[in-house]
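*Asks:* Protein chains in written order, with our numbering: chain A, 1 to 245; chain B, 1 to 245.
Just so you know, these hints were derived from the structure itself, not from any lab. Where is the CB? At the ideal position from N, CA and C, for every residue including glycine. Mixed in with the good hints there might be a few duds.
[Claimed, not checked] Each pair of labels, with its calculated beta carbon distance range:
#1 A:S20 x B:D209: 43 to 51 angstroms
#2 A:S20 x B:K7: 24 to 32 angstroms
#3 A:G218 x B:A24: 48 to 56 angstroms
#4 B:D220 x A:K21: 27 to 35 angstroms
#5 A:S86 x B:K10: 43 to 51 angstroms
#6 B:P78 x A:R89: 30 to 38 angstroms
#7 B:D209 x A:N9: 51 to 59 angstroms
#8 B:V184 x A:S147: 29 to 37 angstroms
#9 A:N9 x B:V74: 25 to 33 angstroms
#10 A:A217 x B:P76: 24 to 32 angstroms
#11 A:G166 x B:S56: 19 to 27 angstroms
Number of protein chains: 2
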Amino acid sequence: MEKITSKDNKKVKEAAKLLSKGTADSFLIEGHHLVEMAAQSGKLLYYFATAEQPYSVPGYLVGEDIIKKLSSSVHPEPIVGVAKLSINRPLQGKRVLLLDRIQDPGNLGTLLRSALSFGFYDVIALEGTCSYFNPKAIQSSQGAIFSLNLLRLSEADALALLKERGYPLFGTSLDRASPLEGFVFPDKFALGLGNEGKGMAKSILEQTDTNIKISMAGIDSLNVGVAGGILMHYAAYLNGKDKNL
Amino acid sequence: MEKITSKDNKKVKEAAKLLSKGTADSFLIEGHHLVEMAAQSGKLLYYFATAEQPYSVPGYLVGEDIIKKLSSSVHPEPIVGVAKLSINRPLQGKRVLLLDRIQDPGNLGTLLRSALSFGFYDVIALEGTCSYFNPKAIQSSQGAIFSLNLLRLSEADALALLKERGYPLFGTSLDRASPLEGFVFPDKFALGLGNEGKGMAKSILEQTDTNIKISMAGIDSLNVGVAGGILMHYAAYLNGKDKNL
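So here's chain A without its partners, still in its complex pose (with noise of 0.2 angstroms):
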């Protein structure tokens, strides 16, 4: 393992600037089970660790120093990787999920989190989402990330994508829509999410099959996060079972 000392490190200064520009060819990672769970899929390409580590890619021996710089947490784990992901592949599942602008990084990853959770492999972010290669993106999702299969597209190439591979959108909206209790999702669908504060764009709820919202009281709307979790759940173990809903 090679010992790193200097913070101006050409690979270390390399890696630094992952932490505000991560790409799908370089973006860094945080912590011991990120690192494994992107080492075990083949998508690490060297860490920095103050101890050795069983990785066989490359690795930085460093100190405490090296991992705060590479870091966006306050008390970062003693390791930091960079990986690489594939992304805008072909659409692989019956479930897509669709994000429209959603800006907060951790919103971004726990839909990830959830999206692996409820059999949405396929995620489409559109032009204006939070990047995926986000630190914090990458940490909310909890390594889902590495098993989901991720596009960026804009929002007419991915509504023609949606519409020559055969499934059909439905939006969200709080305006003219249907509920979601009851409501029948067919096997194959994409479901679109949008922007924390706007919502879906008009341009995009025009073109839905349907418009689904989840009914609620006392407050107008939920976080996009919990919204897109119980949307996803729902359309996985409920659809609609009971027609009486």
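Chain A is already provided as a structure; the job is to place chain B on it using the hints.
*Replies:* Chain B only, in chain A's frame:
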């Protein structure tokens, strides 16, 4: 409206302390939406703003530097208020949310927002749970904090109160738990959610009526805010109406 220009003004310093140590008697709220909700419910004590506001409580005219000093946001709205709330009042509703050492203020706030949406008007935070009055928790609650009945109790006191008042407690756990789908909650009950990393304390899980788990695959846990949303929505609007689930 009294004008304050110095960051060292006594009133400013008094409010700044609440950024880390808000209590039920005085806590900070940021932005027009929250300040208005506090004012409407008679919970606003005073406020700082860069322009005149329509509230009847004392207001202080300040510059952006003072707003920034009193805010936990990078780009704060030009108004910050100080509010108060009564806590530990008697249980009022039929559904109680019990929070066992939820650590992240964003998760706490999101859970409060969902609790209001799904009619869980009484929330009990056990000791070890993040403060209700953490500015990030209040922000994530989107003002739900002003419409809920909030309690903070020891584990022993909370369990005794629920028993005495006749609320059966349903815990959440991955082990020895019944699947949520098809479960029928009674009319009156308490739902427990646990710490992000460790789940609910064993000592509580042993005293619950039944423990419940959300069905999922591919990953072994959900974000606690998402799990809480799915459970509360289910109890409020689905609740095993289909006996075939």
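*Asks:* Now tell me, hint by hint, if it's right for this structure.
*Replies:* Going through the hints against the structure:
In this structure the supplied range 43 to 51 angstroms holds for S20 (chain A) paired with D209 (chain B), their Cβ-Cβ distance being about 49 angstroms. The hinted range of 24 to 32 angstroms is satisfied by S20 (chain A) and K7 (chain B), whose Cβ atoms lie roughly 30 angstroms apart. Distance hint for G218 (chain A) and A24 (chain B): a CB-CB separation of about 21 angstroms, inconsistent with the stated range 48 to 56 angstroms. A hinted range of 27 to 35 angstroms for the beta carbons of D220 (chain B) and K21 (chain A) is consistent with their spacing of about 32 angstroms.
Checked against the hint of 43 to 51 angstroms, the pair S86 (chain A) and K10 (chain B) fails, with Cβ atoms roughly 59 angstroms apart. One distance hint, 30 to 38 angstroms for the beta-carbon pair P78 (chain B) and R89 (chain A), is violated here, with the actual separation near 46 angstroms. Remark: the range hint 51 to 59 angstroms for D209 (chain B) to N9 (chain A) is upheld by a beta-carbon distance near 58 angstroms. Separation of V184 (chain B) from S147 (chain A) is about 33 angstroms and conforms to the stated range, judged on CB atoms against 29 to 37 angstroms.
Against the hinted window of 25 to 33 angstroms, the Cβ-Cβ separation of N9 (chain A) and V74 (chain B) comes to about 30 angstroms, which satisfies the hint. Separated by about 31 angstroms at the C-beta atoms, A217 (chain A) and P76 (chain B) satisfy the suggested range of 24 to 32 angstroms. Under the hint 19 to 27 angstroms, the C-beta atoms of G166 (chain A) and S56 (chain B), about 59 angstroms apart, miss the expected range.
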